[in-house]
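Protein chains in written order, with this note's numbering: chain A, 2 to 359; chain B, 2 to 359.
Heads up, a few of these hints could be off.
Said to hold, decoys possible - Stretch-level coverage of chain B by chain A, calculated; a stretch enters the list once three of its residues show a Cβ under 8 Å from a Cβ in chain A:
id : segment
1  : 91-97
2  : 171-183
3  : 197-210
4  : 351-357
It is worth saying that the hints were derived from the structure and are not from the lab.
Ideal Cβ placement from N, Cα and C applies to all residues, glycine included.
2 protein chains.
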Amino acid sequence: MNKKEAKANRKNIAVNKLKSLGDMILEDVEKNQVPSIRVPSRGTSNIVYDDEKRYYVLGDRYGRRSLGNVKQIKKLAQMVYIANFCKGLMETGKTATLREMYYVSEGWDIDFGDQQESNIVGEDLEVTLGMTREDLGLMPEEDGASVYGKLKVMEGDVEIDAMRSGKSGYTIPPSIDEVDFVEHDVKRVIAVETMGMFHRLVQENAYKKFDTLIVGLKGQAARATRRFLKRVNEELHLPVYICNDGDPWGFHIAMVIISGSAKLAHVNHELATPDARFLGVTASDIINYDLPTDPLKDIDVLRLKELLKDPRYKDEQWKMEIKKMMKIGKKAEQQSFSKYGLEYVVDTYLPQKLEQME
Amino acid sequence: MNKKEAKANRKNIAVNKLKSLGDMILEDVEKNQVPSIRVPSRGTSNIVYDDEKRYYVLGDRYGRRSLGNVKQIKKLAQMVYIANFCKGLMETGKTATLREMYYVSEGWDIDFGDQQESNIVGEDLEVTLGMTREDLGLMPEEDGASVYGKLKVMEGDVEIDAMRSGKSGYTIPPSIDEVDFVEHDVKRVIAVETMGMFHRLVQENAYKKFDTLIVGLKGQAARATRRFLKRVNEELHLPVYICNDGDPWGFHIAMVIISGSAKLAHVNHELATPDARFLGVTASDIINYDLPTDPLKDIDVLRLKELLKDPRYKDEQWKMEIKKMMKIGKKAEQQSFSKYGLEYVVDTYLPQKLEQME
Numbered sequence: 002m003n004k005k006e007a008k009a010n011r012k013n014i015a016v017n018k019l020k021s022l023g024d025m026i027l028e029d030v031e032k033n034q035v036p037s038i039r040v041p042s043r044g045t046s047n048i049v050y051d052d053e054k055r056y057y058v059l060g061d062r063y064g065r066r067s068l069g070n071v072k073q074i075k076k077l078a079q080m081v082y083i084a085n086f087c088k089g090l091m092e093t094g095k096t097a098t099l100r101e102m103y104y105v106s107e108g109w110d111i112d113f114g115d116q117q118e119s120n121i122v123g124e125d126l127e128v129t130l131g132m133t134r135e136d137l138g139l140m141p142e143e144d145g146a147s148v149y150g151k152l153k154v155m156e157g158d159v160e161i162d163a164m165r166s167g168k169s170g171y172t173i174p175p176s177i178d179e180v181d182f183v184e185h186d187v188k189r190v191i192a193v194e195t196m197g198m199f200h201r202l203v204q205e206n207a208y209k210k211f212d213t214l215i216v217g218l219k220g221q222a223a224r225a226t227r228r229f230l231k232r233v234n235e236e237l238h239l240p241v242y243i244c245n246d247g248d249p250w251g252f253h254i255a256m257v258i259i260s261g262s263a264k265l266a267h268v269n270h271e272l273a274t275p276d277a278r279f280l281g282v283t284a285s286d287i288i289n290y291d292l293p294t295d296p297l298k299d300i301d302v303l304r305l306k307e308l309l310k311d312p313r314y315k316d317e318q319w320k321m322e323i324k325k326m327m328k329i330g331k332k333a334e335q336q337s338f339s340k341y342g343l344e345y346v347v348d349t350y351l352p353q354k355l356e357q358m359e
Numbered sequence: 002m003n004k005k006e007a008k009a010n011r012k013n014i015a016v017n018k019l020k021s022l023g024d025m026i027l028e029d030v031e032k033n034q035v036p037s038i039r040v041p042s043r044g045t046s047n048i049v050y051d052d053e054k055r056y057y058v059l060g061d062r063y064g065r066r067s068l069g070n071v072k073q074i075k076k077l078a079q080m081v082y083i084a085n086f087c088k089g090l091m092e093t094g095k096t097a098t099l100r101e102m103y104y105v106s107e108g109w110d111i112d113f114g115d116q117q118e119s120n121i122v123g124e125d126l127e128v129t130l131g132m133t134r135e136d137l138g139l140m141p142e143e144d145g146a147s148v149y150g151k152l153k154v155m156e157g158d159v160e161i162d163a164m165r166s167g168k169s170g171y172t173i174p175p176s177i178d179e180v181d182f183v184e185h186d187v188k189r190v191i192a193v194e195t196m197g198m199f200h201r202l203v204q205e206n207a208y209k210k211f212d213t214l215i216v217g218l219k220g221q222a223a224r225a226t227r228r229f230l231k232r233v234n235e236e237l238h239l240p241v242y243i244c245n246d247g248d249p250w251g252f253h254i255a256m257v258i259i260s261g262s263a264k265l266a267h268v269n270h271e272l273a274t275p276d277a278r279f280l281g282v283t284a285s286d287i288i289n290y291d292l293p294t295d296p297l298k299d300i301d302v303l304r305l306k307e308l309l310k311d312p313r314y315k316d317e318q319w320k321m322e323i324k325k326m327m328k329i330g331k332k333a334e335q336q337s338f339s340k341y342g343l344e345y346v347v348d349t350y351l352p353q354k355l356e357q358m359e
């Protein structure tokens, strides 16, 4: 199956799953049974860290939504309306944001109290069908990361060169699964937390020096970014390194890319990149490179303690770095390497760290 | 003078201004005078709304920083260090973020208490030289807006086509003044507040329908975005329309593009686009299009009252819309047009509003 077929297939699967949801309800009606559907539970007790997969997954508990239960009638009807809306999107080749869907629903015969309510039913649909909502045409508001380097992709009929999209790079669109990788001439991917660091790496020709794609995460990685990193890792077999601020928040931005979030346990199989690796800034880096630091705040220490208990951080390396950070009581930003000059991070730090890791 | 010369000229002016700052100090020393420099005041009493220019400017009050004043010695020395750092950036063709500069300063013989302090001295330099800090090589962290449509630009040797940079568009880089406009085939620019609306306009082919560039502001417009809008308006003679949420915050995102901010009075001549126009969502739109609304919160009403007193809103049309919004007590988001279907905003609302305005 070539790429075009795979993509069409992905879309067909979505349409078919939506249809079969409707069929199930119709069948019940035809058999004079009370229609009901199975919705996997998203309660915390059904969210499990899977040691083998190395990310959170949903357990096998589920609930039933039945038209025989007065409390559930509305929720089930809402889900059918949303499924129908998504089917329409698929058929017209359009997408919509959750916000747009909420407003569109004003014209439906069933209402949502607020957008929160329609979002939750959207998630219910996602988990019921086992697909991401992007596959159903429901896109997040926010775009993904910026990408710079020797990568060519196709969006529809347009070929895009991530070396010729401007110094701020190619922006990963919410509809990243519609994008095909055409050609690349890189050996790895380095993702950095801030656009300040992204521009530094572009300016110092890091893409050439390290044969790398440079990805500017812009803080917590958007869903589209996580999907992109998973795809370059698995489809193009490129190792992914993440370089963030040396504090619990930087750690966790990396970890959500690596092992997914608990909240999205039902779609982590599409988003998590368990083989992605945290390059730095580690507590050891703070010491070894004598970086300018800020003292840890109470909230940082609290967060570090939480991370220690988090199954995603069970690796000895992580535990050691978290404990070391608590011991020195300091954190450092990734831009703090500038203490040694603007070029230092590319000329000295990254080569040393990459050598250690590869 | 062609574009290349103009750009080189811009850079030369910056270098020369930096040099003459140093010369002034040296001359004083040679004449056995106590060195001092004139720094225009940025105090609120020196920020004036200029009726003719239609944006905030600095008045003609200024202070003197003198090495004869113990309190000012450090500030003046800090400014000289920063000026020297900027000169280095110009000469090597590099840029740095304010954050990087702060960390670089760790290696200087003079210190800054925190980044806040180095930022302020950076602004002092900006106002003293009458140039933006981008002209001095000091870039903001954040990128600008996304642009989609028939526009080709040059960044260095790379030609970029804003129709072929992906569905999420061409990202305006912080160094927008290094960008040349090469070719365009549009009659106007429509800037929208959210990326949700940006993707809607791209998807509904609004760029074709209205011969327009589509600009996704991502909330409050970054400096690079404001500079871009000013440049397309003045260099390419394109009318600029801004379509935001119908609330005081949406109004003000537009107004800062149009008439600049008080805080940046010293660089508004580079950033403000007085001929840009607010297309909607207005209070009248909320009524005429019977949009889904939310009630105004106390903080919205407070803000609307502030806007009424703001000289930038002295136009009768603005005053009427602000009062009308307070009267109906309601606000509406730009995506609320989806009530009438996803296409409505492009098929009905925008054509009607553009006809009214053109």
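**Item:** Numbers of the earlier hints that this structure fails to satisfy, in rising order
**Value:** Failing hint: just 4.
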